[in-house]
Amino acid sequence: MARYLLRRLNLFLATSLVLIGVLFIATSHFPVEQQYALTGIESPTTDQLALSRSEYRLDSNQFRQFIAYTKQRVSGNLGVSITSQKPVIDELSQVLPASFELAIVAGILAMSLGVPLGILASLSNNKITQHSIMAITLTGYSIPVFWLGLSLSLWFGVELGWLPISGRINLLYEIEPTTGFMLIDTLLSQSIYRSSAFLDAVQHIVLPAITLAVLPFTVVVRITRAAMLHIMNEPYIRAAEARGLHTGTIVLRHALPNALIPVLKNMGLMLGTFASYAMIVEVIFSWPGVGSWLVSGIYQRDYTVIQGGVLAVALIIIFFSIFIDVLHNAFNPITRKEIYAAN
Amino acid sequence: MPRISIYQEDDIPSPMRKLWQAFADNPFALMGLWAVTCLLFLAIFGPWIAPFSPEQQDPLALLLPPSWDASGTVEHFLGTDDLGRDIFSRLLHGAHLTFGIALAIVIASLSVGFVIGSISGMMKGLKSSILSHLLDALLSIPSLLMAILVVAVTGPGLGNVFWAVGIALTPQFVRAIHQAVHEELQKDYVTAAKLDGANSIQIFWYVIMPNVWETVIIQITLAISAAILDIAALGFLNLGAQAPSPEWGAMVSQGLDNILTAPWTVTIPGVAILCSVLAINLVGDGLRSALSPLRN
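Chains A and B are the protein sequences, given in the same order. Using the working numbering, the letters of the first sequence map in sequence onto residues 1 to 343. Using the working numbering, the letters of the second sequence map in sequence onto residues 1001 to 1296.
Keep in mind that the hints were calculated from the coordinates and are not lab data. Note that beta-carbon positions come from the ideal geometry of N, C-alpha and C, so glycine has one too. Mixed in with the good hints, there may be bad ones.
Stretch by stretch, here's where chain B covers chain A in the computed footprint (C-beta under 8 angstroms, at least three residues) [what the hints assert, rightly or not]:
1. 29-38
2. 105-118
3. 149-158
4. 230-237
5. 250-256
Between beta-carbon pairs, the in silico distance windows are [claimed, not checked]:
6. B:F1041 with A:P257: 41 to 51 angstroms
7. B:N1211 with A:F12: 25 to 35 angstroms
8. A:P44 with B:I1201: 25 to 35 angstroms
9. B:L1030 with A:L269: 22 to 32 angstroms
10. A:K71 with B:L1030: 40 to 50 angstroms
11. B:N1199 with A:M1: 49 to 59 angstroms
Could you build all of it, start to finish, from the sequences and the hints given here?
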């Protein structure tokens, strides 16, 4: 297992290095002066010029420059934002929790609704139930997320006026950021309007979270259903049935843990798409997360923000996809056979 | 009606015919196939069918609702947008862009992915893992981030969408083909062919490939639907097709200004995207379920 973990760590480092390499090449092709693209300082003084020249080793060859670039980026120096002239890393640390909050809520929503529905779809013998569940999931899988978000906000936000459609919280509430997660911060704050602020934050997250949850929900339903259909025919389930166990026990204790393994695996494969969708959802609902920050960065040609945002998001995705891979191996002993056989 | 067997031999259908029969048994999949055929037809001949040119502005018919509305007219079947452009004609011209470019992207990334995936799948050990894992790094960059990077370098435009979505799709083909080839390579019939003295090119093309095509076809349907959604999303964010273009996602974003007074300018292109992606997914789903009993 240690050897396996080491290999995954290696993979993480190697892919991160390739990613930084891609960014380095892209940065040198940005249609602005290289120094400006690297640091983001609009009118640098002579000292700043000399400093950035030495930091990024702009006088040496490409390879040295790449090493210096990697060093700067890994140590957290992402330059300053061209539009706001504030350090990119500070802005990043402000927008990342908002995105995580949205992604976590959407993920929980998708899992808590998708797994039961998937089990239901696999257990029911009723053709109509099966077909309607499959039709719903296929439609959900095909729906363009920006259009879904617009339609939901038009319907529930404007026509019915039930839910707010932009931002994380009403501007009337002043919440000190401690964790960066609005749902937790409102509960932690000392203000007397704590509970109403929490309710407001919940109302704000409903529409974006539902919009974002549609894609993982449909994938979870389909994978759970397929896995359950496969597993319910296995001999060990028949053995459990022969022992006279209750159907609920068989499904929940014997079949479900095994059915969740392919779900986990597909979650890892879906991360990239999920991130794309999350960015679009953030733009539509003006959610102040990393996605809307990055998209406004590209509209303003804020090259340092683009580099920092792409690096951070891609690193997070690489990390989580490898993490899910490790979890998958930890929970699924069958794949270990392959690892040891390969050695 | 039970089949009367007059002769001893049964007519054994070929794998292709078996596949078609299993596919045609599923009415939804067949419906999807018809829809995809129509879409393909519209993507090729759409500009000739369209009653108006996509940029033709009719100042007398601004924001006209679709024809089934009381105040709509039949001349503008799906209504007009805020510049008086006929939405139906724009949709037909847009099919050419959205669906055609999606096909072009998939063909390009398939050919690159096929070469890299099959080479890395046939190789063993470090070389294979370097080739496939290097692309995992690219796979982890979502298509939207890739598009942002490409736009930052070259500026927005439909040509850049080709690169952004293509680069994001290629690793998926590489991964799928690599895994399929790698899995087949472990099986006994390959060893048998090896013992017969087949060289690696023969093994690849005559022994393994016939069993990999299924994976490739399924991956193609997945990739086309993903490409359409990506192109539309980039058009919507103004990173892909630019303003007057009738690309479907760009049409949604152009309709955004009037969403409250004329919701059909947003709804209709959105429904068009939904229907075409749904049709492709229906075909893909039907193919997958038709193939799965054949494979096991």
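Could you work out which earlier hints the structure fails to respect and list their numbers in ascending sequence?
2, 4, 5, 8, 10, 11
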